[in-house]
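A.B. asks: These are the residues of each chain, in order.
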Amino acid sequence: MKPLSYARPRTQAEAAALVRRSPDAVFIAGGTNLTDLMKLDVVTPDLLVDVQDLDLTELTHHEWGTVVGAGVTNAGLAGDIGIRRRYPLVSEAILAGASGQIRNAASIAGNLLQRTRCGYFQDVTKPCNKRSPGSGCPAIAGAHRELGVLGTSEHCVATHPSDMAVALAALDAVVRVRRATGSVSALTLDELYRLPGDRPDRDTTLEPGDLVTAVELPAPTGAPSRYRKVRDRTSFAFALVSVAAMLKVEDGVAVDVRLAYGGVAPRPWRARTAEAALLGERPTDSLITQALQAEFATARPLPDNAFKINLAASLTRAVVRDLAPAQKAGR
Amino acid sequence: MTSTNQAVTRLDGPDKVTGRARYAVEYGANDVAYAWPVQATCARGRLDRAETDAALAVPGVLDVLTHENVLRLHADGEISPAHMGALPDLLLLQSKDLVFRGQLVAAVIAETPEAAREGAAAVVVVTEAEHARLELTVGDDEAIVPDITNDLSPGHVARGDADRDFADAPVRLDTTYSTAANFAMPMEPHAAMATWDGDRLTVHASDQGPPWTAMTLAGLLGLPPSNVEVVAEYVGGGFGSKAAPRPPIMLAVLAARLVGRPVKVALNRQQSTSLTTYRGPSRQRIRIGAGTDGRISSVIHETTGQTSRLTTYADQTVSATRLMYRAEHCRTTTNVLPLDVPTPAWVRAPGEAPGMFALESAMDELAVQLGMDPIELRVLNEPETDPESGLPFTSRNLVSCLRIGAERFGWSDRRPEPGATSDGRWRLGMGVAAATYPHYLFPSTATARVDSAHRYTVRIGAADIGTGARTALHQIAADALKVPMSDVRIELGRASHGSAPFAGGSMGTASWGAAIESACRELRRRISAGGGIPDEGLEAGAETLEVMTPSNFSRHAYGAHFAAVRVDRDTGEVQVDRMLGVFATGRIINPLTAKSQAVGAMIMGMGMALMEAAEPDTRFGGFVTQDLAGYHVPAHADVRDIDAMFLTEEDPNLGPIAGRGVGEIGIVGTAAAITNAIHNATGIRIKDLPVRAENLLLRVAVKAGER
Ligand SMILES: Cc1cc2nc3c(=O)[nH]c(=O)nc-3n(C[C@H](O)[C@H](O)[C@H](O)COP(=O)(O)OP(=O)(O)OC[C@H]3O[C@@H](n4cnc5c(N)ncnc54)[C@H](O)[C@@H]3O)c2cc1C
Ligand code: SF4
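Protein chains in written order, with the working numbering: chain A, 1 to 331; chain B, 1 to 707.
Chain B with its partners taken away, still in its complex shape (with noise of 0.2 angstroms):
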């Protein structure tokens, strides 16, 4: 029997939840002081000082950081590629200049958390407050089109000539979508602690990539990475923000080197809605030109951002809309604003969660103009081969998700007219909406050994932030040794087992297991070729450099998803009844954690469509939303009757592990679906997320006609 392809459940549940697991700031460390963060409360200006003496004079401060004291940083030094658009955020205090609310402008360092708090308070900071812009708005002078999107695609990119086919086309579709800005908020916060051994540092981080946050520092630091542990071997959580390292773990390494101590930083909410990046709104226009009989000639997507003054961020919200359908004219245009305001980055599927509920809303409303049934609609226009390249699929199973999904959730039973299905006082829709998400491959190292008792140890730097990654990857082990689990020991979270990428892009599974897989099959070989084990034991290390070269394949996940909602006619309060997910990722390692995975990501959808809403402050600067009794996410209530579901796919063109991950579909187009359920519910169409009462209320009383 395999272990692979079985529901084991998480190895390491029972040690989280008896507390034996241990989190970045619950390592214990001699001497260990506390940084408190002091921040700018001026959205845009200049630093003159930072007053420390009150400061100093309360009992158990050991110093404050600032401008003046802090160590410089090689803003040139080499980082990780992964990082080059975290880095203008981890240049603590190395300028004066204030760019956002809630910048870092001083920290206080203290014998405890509360010391160091007080000292923040009594830290007077001398600021000039310029005015700021923080209001998004589209078709600004000073918005840009970047060079490159987060997925590395072009700002601008255009097949055919989708604006004039559009002009002539027969049927045609011009709608306006927003979203608002969401926080990842992962159950434990940004946390780490930082101890300095003369050059060496070793930080213990809530971090999502060991191996890159270590190469990173070290640039930064000017020291050879070798001098540099990162450890995480339990995080709470990340949903991206902890891909990079953001100003948390570089504060706690700053400070620690000034006292000459280790250091704990831990932020708490309020903190983290500014010093830990957060998906930016977006503002987004679709145009859809297509023939009386479905079939869509052109499309336009065009969307506006948000970025800080200090680095151009762009999701890659347009680059979905591509690939989904046969469309021989394309236009895509991303557009950011440069703004006083923190800035934003990866927020699980960073530019295809809001980009998809744009696109799968557009699909909808079209359905709806044609007359025809939502499904066949997506069916019609299914392309043969990869729109944007040409390149063929490994495998799109997008009609087979949508046909299954429809069997198995009962879109027979919907009513196409909206408004047509009521219970009592609550309208009743069905939606659905399409999913997708690139399948990322990276290099990876690991090494497996042997003793002479048998017993084998896999290690690599990845990290498990709560997927049931350490699981997966055990398992992966013990069928690429040809062994039980139980004689299989996996550790990882730290750099120094070697370089790997971080726990994000839905990557890790794939990219690690491949380097695991092969570390394992080579001890294997040596074991055998050794004719047994020595006393010494053995070892063996891969790096999956070469199983990494793209092939000539379009290669991508792809989903549909299915929700039924109830909207309250004399409230307009909205209720999930069901939803389903229904994806084809190629091979499953693990069916229950990657059913966890997708199940999660479709609550946080739901979060995403019904209540997440970061409310930017545009008088002040940052967010007006700063806890998590304002900040809604979904909550046990609103979480009814969620289901997931994997085809059965095998692909051999994904590389090694033959699986896609699965992190990050489950969030894609849900909002859509959702969305899509509420106008067949009552006919009205949202454009704006997330949904609020007041939105629905009037316009579902009136369309009831009962009154």
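Isolated chain A (complex conformation) (with noise of 0.2 angstroms):
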């Protein structure tokens, strides 16, 4: 381990300024993907900024929407009232992701920022093209079970792991982002989020010091929702694939859908193509196979993770199912 220093600046101006002044500086909120990261010395900053005194833990609720900030620990964002009334769908991905004591531990902003769990990126002694630029990508040709089909790239391969991210793609939220140089911006996941392509070292579009400070909800529409997530074990494991799923069903068509899916991208995978294929269509089975055929045509499925594309359709129709006659009963 290499000697670091650690800093709590009060101001984010401050903090900004610390993260810019060295290119090894970095943002640390819970510190649970970080400091593993560190462990493994993946990532081996020379000074630690800590978010926590930063004026980040804002929760407030209001006609148009929610904001969430980017402080705000997840298991204080699934078991907030407000968000379990308005957005079941974001408590239910976080409480489907990692371990109490984690949740407890962990933020909003690292949620988001958080990287990928392939094997070789977490293995220095080997190559990894978002660790180490130009070295390879031994996954292709190797351990890719949990890897990702969709947006991926010969250089790159590598799953987003969020489940939150995923929920929140659904909802359409927007991450407030402090610019290092003091503008703000508000991006979309699909603006947060880049694809890998030649460059799988820069998960998103964040330069050296930007700050994400909160996460906004537009207004809740009230469209039933579920989270579903299949994994190896009953709790505690990464996503093999997730689904966040809304759907508003009237006189038997769809008239609001969503989908976002977890596990199979580089980032949490908005199904948009599928969503235009369903919308004013009868959500059966089949429309629904169809649908998840056309998003997924871009897949690049690899031996051993092909089958999350049938699984993602399978687990859309059992979620679709589940969704669709709760409203017909007057739910």
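Source of the hints: derived by calculation from the structure; they are not laboratory data. Backbone N, C-alpha and C define an ideal beta-carbon position, used for all residues, glycine too. Check before you lean on any hint, since a few could be wrong.
Across the chosen pairs, the derived CB separations fall in these ranges [what the hints assert, rightly or not]: (1) A/ASP322 to B/GLY160: 54 to 64 angstroms; (2) B/GLU491 to A/ASP46: 32 to 42 angstroms; (3) A/ASP46 to B/ASP688: 44 to 54 angstroms.
One side of the interface only, derived from the structure: several residues of chain A facing chain B at Cβ under 7 angstroms [what the hints assert, rightly or not]: (4) PRO218; (5) THR221; (6) ASP232.
Assemble the dimeric complex from its two separately framed chains, guided by the hints.
C.D. replies: Right, here's the structure in full:
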């Protein structure tokens, strides 16, 4: 372990300046992902800039939506009564991830910015384009069962591991960022996360010193929702495939439909092609199958993860079956 | 009232949960230093040199242990016979041959673990890498049939002519199975602190058998055995991986020698994957020949496993097959393929666990083929004497385990046709499998003392690795002394307490207990012979060589596992609703700790069935899976209703304690009970462990016929 310093600034400007000063300085929130990667020498910061005094713990509900400070804990967000009433999808997704202890420590920003769980990424004695650009991607011919099929490239097939982000993608959440320069941006998740292309080392469009300050959720639509996650054990495992689904059915046809997937891509995957295919139609099993086929038409499955395509379709049919009849019964 | 046969709660529980119990590297020492391994990053090759200048320049670094300055070990020294297989991995830095990724190539010793680690990253290791063989394949020319497997039975064993009988059998089953590599990954990773005082050595180690470990260390170091003390008062689990000294212990010893200070070594999970052994993967084929009435006439069980370049290690994967069922003709063959991989070794029920997954799955397949109930098929093929040796069984209550278990579990509710029962999106099923584990007894010593205040102290070299052995032995001692437990102190976990077997092979309680009982009986005799207790107290020792002579009986424990599972029609996810294990293991000293052992092993069996997979890295060597976020063991949410019970069994031929061990039988057959239940739920036969959602997904959906 190399020696490092720790700073706990009081203002966002000071925090940004500290991170900008050294190329090896990073923000730290709950530390549940960062310190693991430090122990593995995957990240070797010389300065940790703690965000806990930066006043990022707002959690307020408004008619137009909800503001969640970047420093709110995963447990705090999942348990908030307003969130549970207005956006149960977010609670379900968070509670489907990690463990009670980790959720107590983990922050919203940290959850969004956690790194991939790819085994090669975590082992500095092996090549990996994401960790060490140009060194190669051994996962493609090696262990990739858990890795991605959509949005991947020949340089990297990693997935983004977050559950919460999948729910946020379905809800059209916006991430507020204080740029290192002091300006403020609002990014959709598709604008926040990059696809790997030939630069898999860059997970996001953020620049050093850019501070995530909050997540904004637009007003709830009232569409029934569900988060379901398939994993190798019943808790405390990352998703093989997960889906965040919202579906409103009137007179048998889908009038509002949102689908986002976890475990399949380098970012939470909002399935706009599938949504378009279902909107205004009866969500039958066969139509869902077709819609998912269209969504995954650009997939690049590998031998050990090709099953994710069928699994996503099967999971979607199951979730829609759960969501649609609930409404007929007038729920 | 006796102390044994009572559900006494663990006496060391409060010390453990309050942190008073001290584990290997929690002992303090003046001037202690820390060693951090530098590991090979090629799977095969030769070490040219380790450049240490940069490491030595790191503040706090004391020295770098390399092949140049390491103490020469006595590879031919007298070691514990149980450690022959572990020996080559202990010869740290004695050769420049690199034979697996993760092998120790140097170690940095520093004032703090942080400095040692930083130094380790600065060591430049120059190697010549060679092409490595990393993939386990069946039928490879380089595979060998070993002379002996881990339980000392030969690699090839035959009675009758199984191949010919099978060819002519009216009913034939020919089927293959595979199991993944599994890690032991005990809660407390491997750790040690070594302290030299001249040519006397003390090692505080996370170790399952201090006396044998001391003997092996003495042999390799060329020291008289009495010069080596090994202390393992508390051990946070081992599952067999700590039943021999492994590289971390030897590293502490060699590093302490180099710097002349006590040295601590504590592995992390990543290092544990290559420096502490693992359960090797298996590829198995089973053929069963039977009559149309279900009577089995022949069984052929072949397995292929992997070993390292250092030693030929082969699990006893096929041994249980030779005695489970009445089959006139039987052949078992073990193949091992040497690869450039870390050395596999003991993990809880080595061999029996993967082997009985295959045999008990095959029995289920045969039952389906014959249209018979799987319990009735087993009962029909129950032998009268041990089919392998011809010896009478001391006791064999497999049929009772099956019958009583079936009654308790509600087996009669099971619909034999697959896929017949469902609950919403879930397909439900029940499965059964039999279990067995050999009864081993080893000579042990123990001493018992009494002081003039009638306080008793019993000492033994045994280790309690979290099993509750300390409590069970305390109960045995109190009864043998005919005093309440509160009058007795029990001291264990030190080599200097005298020779005693390791905590392994499910033989601990019976072997140690026999020595304690005999020492205590002798002490009582001396007390009454002397007409009281003199001021200086009295002491008696025992050595149980004599009671251990093998009797003319076949001595094994038996059991039956039942599982009820649900399989998600849409995703292929499996949940285990209920498990019941019924075991016939002779006398139970402490029903509470015995049940914990059985239930714990059943949970580990569930892990083996459903999630535990150490993914080999077939490109770079070693494993891709390197931590407990990726190596899944059952979480609380996976463990629902698990119960274990022991039949009341009085068996006078099991040795003085009349009990068989309970540590391992709980993981034997468990996986098959679960996969047999999955078959009952879905009609899908799982042949490869662990079960993956994708292997059930599409086929369940199709089976369901609902789309
Ligand atoms: C064993 C295990 C299992 C897990 N299982 C799951 C799971 O099933 N599902 C799931 O979704 N997650 C899972 N997680 C991941 C967990 O959700 C993340 O570790 C956690 O959310 C990270 O939050 P943190 O606050 O601890 O982030 P940190 O570790 O502190 O930081 C993570 C990253 O975010 C950056 N960062 C933090 N705050 C800011 C900010 N305000 N602005 C800009 N950058 C910032 C840091 O620099 C760092 O790069 C698991 C983790 C572990 C260890
Ligand atoms: S998939 Fe991405 S993270 Fe994994 S090895 Fe390839 S480049 Fe690295």
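A.B. asks: So, for every hint listed, does it hold in this structure?
C.D. replies: Outcome of the hint check:
1. A/ASP322 to B/GLY160: 54 to 64 angstroms: holds (57 angstroms)
2. B/GLU491 to A/ASP46: 32 to 42 angstroms: violated (50 angstroms)
3. A/ASP46 to B/ASP688: 44 to 54 angstroms: holds (47 angstroms)
4. PRO218: violated (30 angstroms)
5. THR221: It is violated, given that the least Cβ distance between A/THR221 and chain B is near 25 angstroms, above 7 angstroms.
6. ASP232: holds (5 angstroms)
Hint compliance for this structure: hints 2, 4 and 5 are broken, all remaining hints hold.
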